[in-house]
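Asks: Sequence:
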Amino acid sequence: MQQTLDWIDWTVLIATLTTIVGYGTWKTRGSKNVQDYVRGGNTSKWWTIGLSVMATQASAITFLSTTGQAFSDGMGFVQFYFGLPIAMVIICLVFIPLYHRLKVYTAYEFLENRFDLKTRSLTAILFLIQRGLAAGITIFAPAIILSVVLGWNIVTLNIVIGVLVIIYTVSGGTKAVTVTQKQQMFVIFAGMVAALVIIINLIPNEVSFTDAIDIAGATGKMEVLDFSFDLENRYTVWTGLIGGTFLMLSYFGTDQSQVQRYLSGKSMKEMQMGLLFNGLLKVPMQFFILLVGVMVFVFYQFNPSPLNFIDASTQTVLASEYGDEYRSLQDKQAKLFTKKKELSLAYSKNDNPSLKSELFTLDSIEKIHRLDSKFLIKKAVDTEYRTRYSKLQKEVEGLKSNPESEAYIEKSAELTSLYNDAAKDTQTNDRDYMFIRFILNHLPTGLIGLLLAVILSAAMSSTASEINALATITSIDLYGRNQKEDKGEEHMVKMTKWFTFGWGIVAIIIACFANLAENLIQLVNIIGSIFYGNVLGIFLLAFFFKYIKGNAVFTGALITQTIVIVGWWLDWMPYLWLNLFGCVLVIVIAHILQMLGQSKK
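Residue 520 in the working numbering is what sits at position 520 of the sequence shown, and the numbering runs on without skipping anything.
Simulated from the structure, these hints should not be mistaken for lab results. Careful, some of the hints might be misleading.
[To be verified] Simulated crosslink set (DSSO-like; lysine-lysine; CA at most 30 Å straight-line):
1) Lys282 x Lys424
2) Lys379 x Lys367
3) Lys494 x Lys103
4) Lys549 x Lys103
5) Lys546 x Lys118
6) Lys182 x Lys103
7) Lys379 x Lys391
8) Lys356 x Lys339
9) Lys379 x Lys118
10) Lys282 x Lys332
11) Lys182 x Lys45
12) Lys394 x Lys411
13) Lys182 x Lys494
14) Lys379 x Lys349
15) Lys118 x Lys424
16) Lys266 x Lys282
17) Lys400 x Lys118
18) Lys332 x Lys400
19) Lys182 x Lys332
20) Lys487 x Lys497
21) Lys356 x Lys379
22) Lys103 x Lys487
23) Lys497 x Lys484
24) Lys269 x Lys282
25) Lys332 x Lys379
26) Lys118 x Lys487
27) Lys367 x Lys349
28) Lys182 x Lys339
29) Lys103 x Lys484
30) Lys391 x Lys424
31) Lys335 x Lys379
32) Lys424 x Lys367
33) Lys45 x Lys118
34) Lys394 x Lys356
35) Lys379 x Lys394
36) Lys118 x Lys103
37) Lys424 x Lys400
38) Lys266 x Lys332
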């Protein structure tokens with residue numbers, strides 16, 4: 001069922017967004033030179049840099065998807081960020097002094113000084129590809145969810161978010177992005193704190209916050225650390241500390257959307273302090289957002305929850321030939337909820353191991369119910385899937401007489417895999433819808449408008465940084481570098497504004513044609529991991545291997561990018577390891593090519 005907003009929520013939402021856009025446009029109007037437009041006149045203080053860096057990374061996906069991740073899988077996703085503080089220290093010691101000394105506008109200018117123009121251009125183009133895609137997804141992510149839940153037209157939402165960002169980013173450049181991000185982070189922090197306080201108050205009075213944590217812990221939701229070396233597990237301490245460090249090094253050290261944030265600092269010290277501030281605050285911030293998702297999970301131990309949080313999908317399956325099966329599943333879920341509520345209340349009063357075991361069992365059964373619901377929805381909406389599953393099921397039934405045969409084992413595994421695939425479809429994967437559905441159904445008027453403003457502000461802050469960086473790279477690294485004569489500061493500012501406008505339109509177009517099957521926050525990180533390792537390897541070659549020349553790096557980077565894309569497509573390893581793989585691979589290949597080149601001489 002689609003929701004309608006109260007006039008108070010509309011007032012809060014519109015007032016918040018127009019204030020941010022209006023203030024950012026007015027405060028930063030009139031940049032006349034490249035220094036002001038691209039580097040914000042180098043006036044940013046450390047705390048402004050820190051907030052801007054956080055706002056760039058904290059897109060709407062962070063709040064919609066991370067809370068859903070916690071609701072489903074618990075706190076383990078925080079391990080993804082364990083490498084971030086390490087990366088911040090390395091960037092402060094190695095990257096920032098070099099960028100500051102060379103007075104670069106972009107990270108890739110350095111690569112021409114160290115290697116050659118083609119290596120600079122290749123790295124810039126790799127950035128444009130992955131960040132251009134990410135900019136579209138950053139707009140699309142909140143738009144698709146709000147459109148489904150509220151009934152708003154998705155194309156209109158994409159255009160509104162994109163146009164709001166274009167207005168102040170074209171007007172004021174980097175300074176406009178930085179100024180608005182301070183306000184956006186204030187709105188984000190205020191909204192999330194208010195949400196957590198109210199969620200805790202919605203839990204029964206006899207259940208304290210500590211009791212709520214215990215209930216979440218009984219179902220495995222508070223398991224933060226995983227020290228296993230299982231490569232099938234995406235989030236462990238090791239993927240965070242190793243793969244995460246390489247991802248964060250590349251993202252914060254070589255991605256222009258982040259580099260541009262700290263290059264606007266008043267001094268090298270301000271830049272370094274800003275990044276260290278981000279390093280100290282980011283992991284607790286992500287922990288807090290995950291905790292919000294876990295508290296929503298606890299809330300639903302005492303309040304009925306839908307089998308699937310996408311109402312449109314539920315209505316579709318109920319109206320299909322699978323409607324009776326789905327209703328039967330809903331009845332099972334209702335009975336399970338009654339047991340779960342009684343058990344959760346009992347466990348909050350008596351920390352009994354047997355009660356804990358029962359709670360874990362009930363949660364496991366509920367997960368099966370939710371997966372079954374996704375399977376029924378998938379069959380209801382996808383004729384091809386339904387036909388494939390039915391055919392494969394008959395084949396397995398025909399082989400059942402010989403359960404130890406290789407054919408039976410193979411077909412059974414294929415059937416299980418096909419069943420599990422149902423949870424990955426855009427019409428069944430409801431993780432990203434959980435938090436917005438909870439907001440609209442259970443939070444008070446006024447706070448709904450504020451939290452919708454949080455979601456849209458986060459989308460705007462990330463998108464603004466991205467199109468600002470895309471325009472800067474296009475203007476400085478491609479357009480400006482290939483001009484045969486200097487056309488002056490005013491011309492470059494004008495062209496950068498046009499490139500900003502153009503990339504804003506591209507982001508809107510990508511958003512309008514996007515279609516997501518993965519959990520949103522994972523999809524953005526996957527796109528980054530495909531490219532970041534290679535780019536980081538190029539920079540490490542530039543920093544630490546002085547004997548490696550441009551031709552070896554350029555060719556090595558092309559080979560590496562091809563291999564990484566193939567590896568991702570064939571699912572060789574969890575995506576976080578692609579960062580380490582790509583980084584090491586380009587370094588090794590460049591060394592081999594350099595040695596081969598020298599031996600020929």
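Asks: Hey, Lys400 versus Lys118, does the alpha-carbon distance stay inside 30 Å?
Replies: violated, 60 Å
Asks: Please verify whether Lys282 and Lys332 have alpha carbons no more than 30 Å apart.
Replies: violated, 41 Å
Asks: Taking 30 Å as the top limit, are the C-alpha atoms of Lys103 and Lys484 close enough?
Replies: Given pair Lys103, Lys484 holds - Cα atoms ~22 Å apart, limit 30 Å.
Asks: Between Lys269 and Lys282, does the CA-CA distance stay at or below 30 Å?
Replies: holds, 20 Å
Asks: For the pair supplied as a hint, Lys45 and Lys118, confirm whether the alpha-carbon distance does not exceed 30 Å.
Replies: Since the Cα atoms of Lys45 and Lys118 sit roughly 35 Å apart, the hinted pair is violated (cutoff 30 Å).
Asks: Does Lys424 pair with Lys400 here, judged by a C-alpha cut-off of 30 Å?
Replies: holds, 28 Å
Asks: Taking only the CA atoms, is the gap from Lys118 to Lys103 under or equal to 30 Å?
Replies: With Cα atoms ~21 Å apart, Lys118 and Lys103 stay inside 30 Å; holds.
Asks: Given the hinted pair Lys424 and Lys367, is their alpha-carbon gap at most 30 Å?
Replies: This hinted pair holds, its Cα atoms lying about 15 Å apart.
Asks: Against the 30 Å threshold, does the CA-CA distance of Lys182 and Lys494 hold or violate the hint?
Replies: Given pair Lys182, Lys494 holds - Cα atoms ~26 Å apart, limit 30 Å.
Asks: Quickly compare the C-alpha distance for Lys118 and Lys487 to 30 Å and report which way the hint goes.
Replies: holds, 23 Å
Asks: Has the given pair, Lys391 with Lys424, been kept, meaning a C-alpha gap of at most 30 Å?
Replies: Since the Cα atoms of Lys391 and Lys424 sit roughly 21 Å apart, the hinted pair holds (cutoff 30 Å).
Asks: Take a quick look at whether Lys332 and Lys400 sit within 30 Å of each other, Cα to Cα.
Replies: holds, 29 Å
Against the hints set out earlier in the document, violations occur for numbers 9, 10, 14, 15, 17, 19, 21, 28, 33, 34 and 38.
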